[in-house]
Amino acid sequence: MQEITIYYNPLCSKSRKALEILEDKGFKPTVVEYLKTPLTFNQLKSLRSYFKLEDFVRTTDKSFKELGLSLNEEDKILQAMEEEPALMQRPIVTFKGKAVIGRPPEKVLELFD
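Read in order, the letters of the sequence shown correspond to residues 2 to 114 in my numbering.
FYI, nobody ran anything at the bench for these hints, they're computed from the structure. There's no promise every hint is true.
[To be verified] No more than 25 angstroms apart at the CA atoms, straight line, and that leaves these computed lysine-lysine pairs for PhoX-like:
#1 Lys26 with Lys53
#2 Lys53 with Lys66
#3 Lys46 with Lys15
#4 Lys18 with Lys108
#5 Lys97 with Lys77
#6 Lys97 with Lys108
#7 Lys15 with Lys63
#8 Lys99 with Lys29
#9 Lys46 with Lys66
#10 Lys63 with Lys46
#11 Lys18 with Lys37
#12 Lys66 with Lys15
#13 Lys26 with Lys108
#14 Lys77 with Lys46
#15 Lys108 with Lys53
#16 Lys46 with Lys108
#17 Lys97 with Lys46
#18 Lys99 with Lys26
#19 Lys77 with Lys66
#20 Lys99 with Lys46
#21 Lys97 with Lys15
#22 Lys77 with Lys53
#23 Lys53 with Lys63
#24 Lys53 with Lys99
#25 Lys97 with Lys66
#26 Lys18 with Lys97
#27 Lys97 with Lys63
#28 Lys53 with Lys18
#29 Lys29 with Lys18
#30 Lys63 with Lys77
#31 Lys97 with Lys29
[Unchecked claim] Label-pair ranges, simulated between beta-carbon atoms:
#32 Glu67 with Leu110: 32 to 40 angstroms
#33 Asn73 with Lys29: 35 to 43 angstroms
#34 Arg104 with Glu24: 28 to 36 angstroms
#35 Glu74 with Gln44: 28 to 36 angstroms
#36 Lys26 with Asp56: 18 to 26 angstroms
Quick reminder that beta carbons are idealized off the backbone N, C-alpha and C, glycines included.
Build out the structure end to end from the sequences listed, making use of the hints.
In structure tokens, the structure reads:
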């Protein structure tokens, strides 16, 4: 079985619920606490490839505006995410070459259809 990975923020209720859903289904995902261990530019670029940029980045996060970011500048956003990992949407779950953003948390089950 391929590995399930959840990019997780323990302070986020949707992250906690998504992890709970996975564990209740018997999965044991690798948990990446991306705020403690920020992703590299290349990891972010790879993960972003599953999503539209506007879905992947939290444009409502105060850092997005403070840093003067624009959805027209993907590399600049990904570079900012290295320093400000809270800009990344959460939770994200990957499995078998697919990924979903767990909003709502039950959306993570789409990976297993």
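Each hint tested on the structure:
1. Lys26 with Lys53: 28 angstroms, violated
2. Lys53 with Lys66: Holds, at roughly 19 angstroms.
3. Lys46 with Lys15: At roughly 23 angstroms apart (the allowed maximum being 25 angstroms), Lys15 and Lys46 satisfy the hint.
4. Lys18 with Lys108: 11 angstroms, holds
5. Lys97 with Lys77: 28 angstroms, violated
6. Lys97 with Lys108: 16 angstroms, holds
7. Lys15 with Lys63: 19 angstroms, holds
8. Lys99 with Lys29: Judged against 25 angstroms, a Cα distance of about 17 angstroms means the pair holds.
9. Lys46 with Lys66: Holds: Lys46 and Lys66 sit about 21 angstroms apart, inside 25 angstroms.
10. Lys63 with Lys46: Holds, at roughly 22 angstroms.
11. Lys18 with Lys37: 19 angstroms, holds
12. Lys66 with Lys15: Since the Cα atoms of Lys66 and Lys15 sit roughly 23 angstroms apart, the hinted pair holds (cutoff 25 angstroms).
13. Lys26 with Lys108: This hinted pair holds, its Cα atoms lying about 13 angstroms apart.
14. Lys77 with Lys46: Holds, because 11 angstroms separates the two Cα atoms, which is no more than 25 angstroms.
15. Lys108 with Lys53: At roughly 17 angstroms apart (the allowed maximum being 25 angstroms), Lys53 and Lys108 satisfy the hint.
16. Lys46 with Lys108: Holds. Lys46 to Lys108 sits at ~22 angstroms (cutoff 25 angstroms).
17. Lys97 with Lys46: 18 angstroms, holds
18. Lys99 with Lys26: Roughly 18 angstroms between the alpha carbons, so the hint for Lys99 and Lys26 holds.
19. Lys77 with Lys66: 13 angstroms, holds
20. Lys99 with Lys46: 15 angstroms, holds
21. Lys97 with Lys15: Holds: Lys97 and Lys15 sit about 22 angstroms apart, inside 25 angstroms.
22. Lys77 with Lys53: 15 angstroms, holds
23. Lys53 with Lys63: 20 angstroms, holds
24. Lys53 with Lys99: The given pair, whose Cα atoms are some 14 angstroms apart, holds under the 25 angstroms limit.
25. Lys97 with Lys66: 34 angstroms, violated
26. Lys18 with Lys97: 21 angstroms, holds
27. Lys97 with Lys63: 33 angstroms, violated
28. Lys53 with Lys18: With Cα atoms ~24 angstroms apart, Lys53 and Lys18 stay inside 25 angstroms; holds.
29. Lys29 with Lys18: 14 angstroms, holds
30. Lys63 with Lys77: With Cα atoms ~16 angstroms apart, Lys63 and Lys77 stay inside 25 angstroms; holds.
31. Lys97 with Lys29: Since the Cα atoms of Lys97 and Lys29 sit roughly 15 angstroms apart, the hinted pair holds (cutoff 25 angstroms).
32. Glu67 with Leu110: 32 to 40 angstroms: Cβ of Glu67 to Cβ of Leu110: about 35 angstroms, so the range 32 to 40 angstroms holds.
33. Asn73 with Lys29: 35 to 43 angstroms: Holds, since Asn73 and Lys29 (Cβ atoms, about 40 angstroms apart) stay within the stated range.
34. Arg104 with Glu24: 28 to 36 angstroms: 19 angstroms, violated
35. Glu74 with Gln44: 28 to 36 angstroms: With Cβ atoms ~19 angstroms apart, the hint is violated.
36. Lys26 with Asp56: 18 to 26 angstroms: The hint (18 to 26 angstroms, Cβ to Cβ) holds, given that Lys26 and Asp56 are roughly 24 angstroms apart.
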